[in-house]
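Modelling step: build the complete structure from the supplied sequences, incorporating the hints.
Residue numbers (this note's numbering), protein chains in the order written: chain A, 14 to 303; chain B, 394 to 972.
Simulated from the structure, these hints should not be mistaken for laboratory data. Warning: the hint list may mix true and false statements.
[Said to hold, decoys possible] Per label pair, the in silico range of CB-to-CB distance:
1) A:Val297 <-> B:Arg438: 27 to 37 Å
2) A:Lys290 <-> B:Val838: 45 to 55 Å
3) B:Gly783 <-> A:Gln47: 35 to 45 Å
4) A:Asp241 <-> B:Glu557: 48 to 58 Å
5) A:Ala51 <-> B:Arg841: 27 to 37 Å
6) A:Glu296 <-> B:Glu589: 20 to 30 Å
Note that the structure is predicted; figures quoted are calculated from it, not measured. Backbone N, C-alpha and C define an ideal beta-carbon position, used for all residues, glycine too.
What follows is the residue order along each chain.
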Amino acid sequence: MVDAKDFASDVRPTWCAGCGNFGIWNALKKALAQTGLAPHDVMLVSGVGCGSKLPDYTTANGVMTLHGRTLAVATGARLANHGLKVICTHGDGDGYGEGGNHFVSAVRRNIGIVDIVQNNRVYGLTKGQYSPTSPHGFVPRTSPQGAIEEAFNPLAVALAAGGTFISRGWSGDLEHLTWLITEALGHRGYALVDVLQPCVTFNRKYSYDWLRPRVYKMQDQVGYDSSDKAAAFAKALEWGERIPIGIIYRTESRPAYEEMVPALEAGPLVKQPLRAKTLPEYEVLKQEYL
Amino acid sequence: MLVNDMTLKIGGEAGQGVESTGRGFAQALVRGGLYIFGLQDYHSRIRGGHNSYQIRVADHDIYSHDERVHLLLALTKVAIDEHLQEIVPGGGVIYDPALSVDEADLAAQSVKAFPVPLTKIAVDQGSKLMANTAAIGAAAGLTGYDMGVINSVIRDNFGKKGQEIVEANLRVAAAAHGFVKEKYAASFPFKLKKIEAPLRMLISGNQSLALGALLAGCRFVAGYPMTPGSPILEWFAVHSKEYGVVTKHSEDELAAINMVIGAAQMGVRAMTPTSGGGFSLMVEGLGLAGILEVPIVVVNVQRPGPATGLATRHEQGDLLFMLHAAQGEFLRIVLAPGTIEQCFEAGYRAFNLAEKYQSPAIILSDAFLAHSPRALDMDALDLDVPIDRGALLSDEELDGLTERYRRYAVTESGISPRALPGHPNAVYALGSDEHDEYGQICEDVAVRTQQNEKRMRKVEAARSEMKPPQQYGPPDAELTFLTWGSALGPVRMAADILSDQGQSANIVQIMDIWPLPVDKVTSALQGAKKLICVEQNYTGQLATLVRAYTGIEVDGLIRKYDGRPMSPEYILAHLKGVV
Chain A
14 MVDAKDFASD
24 VRPTWCAGCG
34 NFGIWNALKK
44 ALAQTGLAPH
54 DVMLVSGVGC
64 GSKLPDYTTA
74 NGVMTLHGRT
84 LAVATGARLA
94 NHGLKVICTH
104 GDGDGYGEGG
114 NHFVSAVRRN
124 IGIVDIVQNN
134 RVYGLTKGQY
144 SPTSPHGFVP
154 RTSPQGAIEE
164 AFNPLAVALA
174 AGGTFISRGW
184 SGDLEHLTWL
194 ITEALGHRGY
204 ALVDVLQPCV
214 TFNRKYSYDW
224 LRPRVYKMQD
234 QVGYDSSDKA
244 AAFAKALEWG
254 ERIPIGIIYR
264 TESRPAYEEM
274 VPALEAGPLV
284 KQPLRAKTLP
294 EYEVLKQEYL
Chain B
394 MLVNDMTLKI
404 GGEAGQGVES
414 TGRGFAQALV
424 RGGLYIFGLQ
434 DYHSRIRGGH
444 NSYQIRVADH
454 DIYSHDERVH
464 LLLALTKVAI
474 DEHLQEIVPG
484 GGVIYDPALS
494 VDEADLAAQS
504 VKAFPVPLTK
514 IAVDQGSKLM
524 ANTAAIGAAA
534 GLTGYDMGVI
544 NSVIRDNFGK
554 KGQEIVEANL
564 RVAAAAHGFV
574 KEKYAASFPF
584 KLKKIEAPLR
594 MLISGNQSLA
604 LGALLAGCRF
614 VAGYPMTPGS
624 PILEWFAVHS
634 KEYGVVTKHS
644 EDELAAINMV
654 IGAAQMGVRA
664 MTPTSGGGFS
674 LMVEGLGLAG
684 ILEVPIVVVN
694 VQRPGPATGL
704 ATRHEQGDLL
714 FMLHAAQGEF
724 LRIVLAPGTI
734 EQCFEAGYRA
744 FNLAEKYQSP
754 AIILSDAFLA
764 HSPRALDMDA
774 LDLDVPIDRG
784 ALLSDEELDG
794 LTERYRRYAV
804 TESGISPRAL
814 PGHPNAVYAL
824 GSDEHDEYGQ
834 ICEDVAVRTQ
844 QNEKRMRKVE
854 AARSEMKPPQ
864 QYGPPDAELT
874 FLTWGSALGP
884 VRMAADILSD
894 QGQSANIVQI
904 MDIWPLPVDK
914 VTSALQGAKK
924 LICVEQNYTG
934 QLATLVRAYT
944 GIEVDGLIRK
954 YDGRPMSPEY
964 ILAHLKGVV
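The structure is reproduced here in structure tokens:
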């Protein structure tokens, strides 16, 4: 029986004391153990940033890639070996800024990846600049007069792009986040888990004390239908005094991308022989040029 | 009368079917046992503009076009204006009289006018759309070429559209053939005659490169369309279901190379085709593959830059860029094929080298090579290609592993035995940060030094495996051409012309560009009496590279950077200036 501890590595996290990443890391390890996955069944893909160091602190297969390229590498990995559970852990700058095109494309193609975005609404590792999810007027090092752009709304964008599992977690509620990640792990296509997490060093505004009283759980909302896209849009746009967490939208009706690729019908690509056919069956290709 | 030694050129607007007509006629010539070399020239637009397709025909293997045209099939008046100067005295132009051509203009160049009512014949026998078929029939009539072969190509090319369309096209071709044969054939001295020969393919560099990669076991191709690299992506898309290749048209080139890295890390042979602009976007990914030591293959089919440059045209301006792309130092392997056969060879060798040295391998092709089809014997491409996956640990070896797996174990060769993710005894994470032997992020001075040296040792290991330059011609020649990539074809034709004129020239072509096999290149060049480098860029990038690593300086440089391919005539004309 796999235990959450089996997913820890010998390396101690370099995150600041109180960093929201600890909650996300612990929830992920618990969720993996609860789902019955072993470290060798999992492929963790991250980018660059504080949260992207998570694979280094975890015992599982992993690749820490370039800033922003997390989903692209994960997509290639998933298509090459869909026998492994591919999970991305990267920040809001990585996922929604530098990797914005990959984010929208991953949602659209419904590739079977669990995408955990460690959304602290600030750049931490580069020491406090505004991020795509920083609100208008946010005053960090690169916008002393206040950020001019409006904040990026990942849930609404994912809905508009045709997402099939769109959720928000909160790093301050381990039990709820663990449950949310297990649900995401059970989804057949692309599952977005945008996690609100405080950056205790560079984003004092969105602290535990600010977030805790505001978040409320969707599963407690009697009558909310998470397969109703219009209702989901309304929830995705809700922000301020009340912030919904949990599954905003879910449908299992759309197959994952990898279910639609003919070359993968014979099983994970890496388990197939280098050549799909015998040599004489390749010789016929020459006939095309006669 | 001159038999089986001519150039036929088709000129018209984009959208008029210049390419399909040219390809159809070329195919018919190859089916008739002749050798051909096809040259395409087109603008970056869908409709309008002037395009051409030039077919050099011979009864022996040829490696390039040349600048003489014997017969022009002009689908527009512009085609005549553009190409009249290229037509040899005694040559001719087939055109529709509706184009209102002044025959005196042609006569002034000693070029014969062959007005043929192509559209009328097409309308009478089939439909207006079949005017190009009429042009093919007319060309066959004028050159006396076998209509049986022409008809076989028509049947194959229109077969999908139904028997009625096939029959109509056959009628159109026959009518045009009959018209021209009776009226003009006797006055045209250049003839084409079917000869008995084994079957041959008409295949381009992009196609043979794709074939080589497929046979190497490439099962994952991701790319974003960019001329002239996109035909490789399209080739795989067409064959993906039949041959089990995941082909992904990605959102951009950043995604393409990073998807390929993800797939290759899982153990699948993976490749991304692009051109220089797309490669520019991939540069950071190249470095990622370098530090992660993931074997990937990147194809850069060059076109003229910088930026958008000349989208549909040709240059060899990316050589030094390939060697230096991305920050930091790491091994990349660069193969620059110069022939269709070498495209196939590079297509499979790149995967073997990438996996053996756990590094990115770049195939540096170019537009001229990619788009120009040539007749090739069936056995010129041996599909039974060697496969070497390098130090890849088997499941059995991993079953027996007793200590923690070290992905980046420090070894003498620099190559660390590789485990694919998924085995319980080899669970590991890689990082784009500097890392220790296990793959964990590490900033330690000793570890950085050790890992950097480990990676760089692979450069020397790979260098020793790179092949010596290809050499052509007599070893004691008075003149030695140094060249690379598709410039080889025109250089070979130029050397043949020189030898026909009683001079002697040989050729040193470097295909294994990087790591440059310095000793092998030095020994190939040492005996050169007069060394002339021929390449299609402004600065002479190969000459620069050779001088930097061997100390050998060329005696002259023949360069071309107008976006159009090198030709034998161009080389000979410029040779006078540099020798």
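Do the hints match the structure? See the list:
1. Checked against the hint of 27 to 37 Å, the pair A:Val297 and B:Arg438 passes, with Cβ atoms roughly 36 Å apart.
2. Taking 45 to 55 Å as the suggested C-beta distance range, the pair A:Lys290 and B:Val838 conforms, at roughly 51 Å.
3. Taken as a hint, the range 35 to 45 Å holds for the pair B:Gly783 and A:Gln47, whose Cβ atoms sit roughly 39 Å apart.
4. As the Cβ distance of A:Asp241 to B:Glu557 is approximately 54 Å, the hint placing it in 48 to 58 Å holds.
5. Taken as a hint, the range 27 to 37 Å holds for the pair A:Ala51 and B:Arg841, whose Cβ atoms sit roughly 33 Å apart.
6. For the pair A:Glu296 and B:Glu589, the beta carbons lie near 23 Å from each other, so the given range of 20 to 30 Å is met.
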